[in-house]
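S.K.: From first to last, the protein sequence lines are chains A and B.
Mind the numbering: the first sequence is residues 1 to 438 in the working numbering, read in order.
Mind the numbering: the second sequence is residues 1 to 438 in the working numbering, read in order.
There's no promise every hint is true.
One side of the interface only, derived from the structure: several residues of chain B facing chain A at Cβ under 10 Å [as the list claims (entries may be wrong)]:
| # | residue |
| --- | --- |
| 1 | 16 |
| 2 | 117 |
| 3 | 120 |
| 4 | 123 |
| 5 | 124 |
| 6 | 177 |
| 7 | 215 |
| 8 | 379 |
Bear in mind the hints are in silico, worked out from the structure with no lab data behind them.
Predicted model only: the values in this text are computed from it and were never measured.
Backbone N, C-alpha and C define an ideal beta-carbon position, used for all residues, glycine too.
Protein chains: 2
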Amino acid sequence: MQVNFAERAHNHNWKLDPIVRSLLDTDFYKLLMLQFIWKNFPQVHVTSEVFNRTLSVKLAEHIPIDLLRQQMEFVRGLRFRKSELIWLAGNTFYGTRSIFEPGFLDWLEHGFKLSDYEIIALTGEQEGQLMLRFSGLWTEVTMWEIYALALVSEMRTRSALAVLSELELDVLYARAKTKLWDKIERLRTVPGVRLSEFGTRRRHSFLWQEYVVGALHTSLGSSFTGSSNTHLAYKHDLEAIGTNAHELPMALAALANSDEELYASQYRVLELWQKSYGGELLVMLPDTFGTTQFLEGAPEWVADWTGQRCDSKDPLIAGDEYIAWLTKHGRDARKKRFIASDGLDVEQILELHAYFNERIRFSAGWGTLLTNDFRGCHPRGDAALEPISLVCKLKSVEGRPAVKLSDNLRKATGPAEEIARYRKVFGSEARDGSAILV
Amino acid sequence: MQVNFAERAHNHNWKLDPIVRSLLDTDFYKLLMLQFIWKNFPQVHVTSEVFNRTLSVKLAEHIPIDLLRQQMEFVRGLRFRKSELIWLAGNTFYGTRSIFEPGFLDWLEHGFKLSDYEIIALTGEQEGQLMLRFSGLWTEVTMWEIYALALVSEMRTRSALAVLSELELDVLYARAKTKLWDKIERLRTVPGVRLSEFGTRRRHSFLWQEYVVGALHTSLGSSFTGSSNTHLAYKHDLEAIGTNAHELPMALAALANSDEELYASQYRVLELWQKSYGGELLVMLPDTFGTTQFLEGAPEWVADWTGQRCDSKDPLIAGDEYIAWLTKHGRDARKKRFIASDGLDVEQILELHAYFNERIRFSAGWGTLLTNDFRGCHPRGDAALEPISLVCKLKSVEGRPAVKLSDNLRKATGPAEEIARYRKVFGSEARDGSAILV
């Protein structure tokens, strides 16, 4: 065997192994939302924070702040590449061409930048936790979400891998691949199942996510409908999947000047959204302030939307509720889409598929337990590679606090007095308090 | 990433990917027996045959004869390398230096060669099977055994791998590694267990065997006592493990000129062996014509031998029988060694260790189910990679048929009338008919 002298020397010369190497390495819905914000709220200022809901894992013990800063500076130095912008302009998304306007693409090339940030080592009860805070124009803050989550997630992975021997690393990945393939084999027994990959933000690593997506794409045929990761969609000719997130209704709610405006803001988001997007991109996320009240109070035209994504309610209940609501409004549920995306794994995907089959077009957005399921894989039995609940939340908009109630009491965010006010406005019926896994 | 032009072009230029690349890539006991034969029977002619006891697998469908011949010609072209001979001369085996005589090493360098061979496509009931036949001086035939078995075994592997995609190959090895590591984890819970690797002849492939041996060596500490593979021992500073095989008593039996000589020949082997070897190499293999009769008729000095290898009897029974026999002869069984080597897997190794612990020094010779356990690993659920029962048997010595009775009725080999004659001479008590797994 010949020695590759250049490669060997280069392997000793590495300064940084960047985690996020392309601005497209983000969820597709962030780009849709970015255009939405650029168009409708270009001057609004916001603050977002990344933190770890899994308090037992102390991030500061695993992630050196200096290294995190290096990774974040690398991302800030990235620009959209010419061929990426051409792809955004020329590709069809959900069958539609020119989803991104020329003015927006021009701004992506010449005007887009990422806001400044703080890395904060928390103290007191949160001792050992790290928090990232982003403040600035909403257009400069919003894209940090996925980059920052993916950076923190993969830096934690690297820290856990650093103590393992070559054999242990090999065993670790063998087990994770075995586990993945067992899941794929289960899914292959049900040809009609539909799922896409939603796991960028809490992935084990970029390369593992790419491996997982490649394995699903190769093995599942039409059951695998695509990836939320825009870079992977671009690189591997996949469908880029996603629509919108809680960030939008939360911001519009924060900007409301009265309780009436606050209540109306949840539909105002949809009104604005459908000015820019249509068809499969009209998938609403009704749980921000409670799904039941959202549906009850929705104007008639909301029933024309293509589907619903369920992110914090038991999808069996939420799906039935949505079907009943559609029927009440004279719409054929079998033509609508219902997407579940909250902590799914293969068993639940199959259960939901069987439950909703023929009643509504169900598809699963499979996230953390697809791209970061190393449970039971650690060669020393350690928990250092098990997924944690990393989240990024909008904290304030133009200085006003941002609030989410959600369908799960434990997922409510915002100051207590604001949560109370929101509960008065939106009601607080029919919320459960399920434990949050990821 | 730079392209390695030379490597890429070379990968298209390969003519042959040799399976056996060193004459040391054989069981250590073959070298011990080769010296024994070279010393005591340099002019004896024998015939050996390699065949497949697993009739459901038709070798000819998987192994092109031309390619097999190319591999065998490659082995025939090999010579002992200078550094290999220096290692054989200078290394200590079982703590003893100079096990190989200078004259023998000189002959290995200048006089050793492999006999001619035939590759026979069988017909009739055996349609689809391949047989390899080796005829010539015993010193030229004997070494073919392991080379030929390893070639056939790995060529079958390659044929099964050839239809798999890159992802499927990756899944296959991930599963096999997961399985191996699960076995290692079980063994690690019992620090006192002792085992060595005996799986050259039926290995999945050389590289897999090397991986497995590396994993055991790294993970099991002193529980892993070494490998029977001399090349791996040489390459990785392991103990080379092994003593002798049925080939010796079978040949001496065939050479016997009377029933009395036939009966005595089973002890004559030991007499000759102990002229060349001592200590840990004095491990007898008493099952060739039945263990019980062997022990009953053994001269007193046989009880001085260091241990016994059990290859065809239930080791729980054979071990108890050996301990009782040692006790009867006034020997302390706790100082003796008892080795089981027949179709073991981790459960049985742990069971035997627990059973014999403190009563005799038990160790396991772990073969096929260590180096070729791909059961349940095939990504398409196919059986093409499950181990088969490939064997090499001495067929005749100086034109006389060679016979083995063994402790398992199904493992008897030789012409029926000769088996009958041997059974008259040796008796046929206490043999079972367990199914042969590998």
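S.K.: Next, verify each hint and record whether it holds.
M.R.: We went through each hint and held it up to the structure:
no.	hint	in the structure
1	16	16 Å, violated
2	117	31 Å, violated
3	120	37 Å, violated
4	123	40 Å, violated
5	124	40 Å, violated
6	177	3 Å, holds
7	215	6 Å, holds
8	379	7 Å, holds
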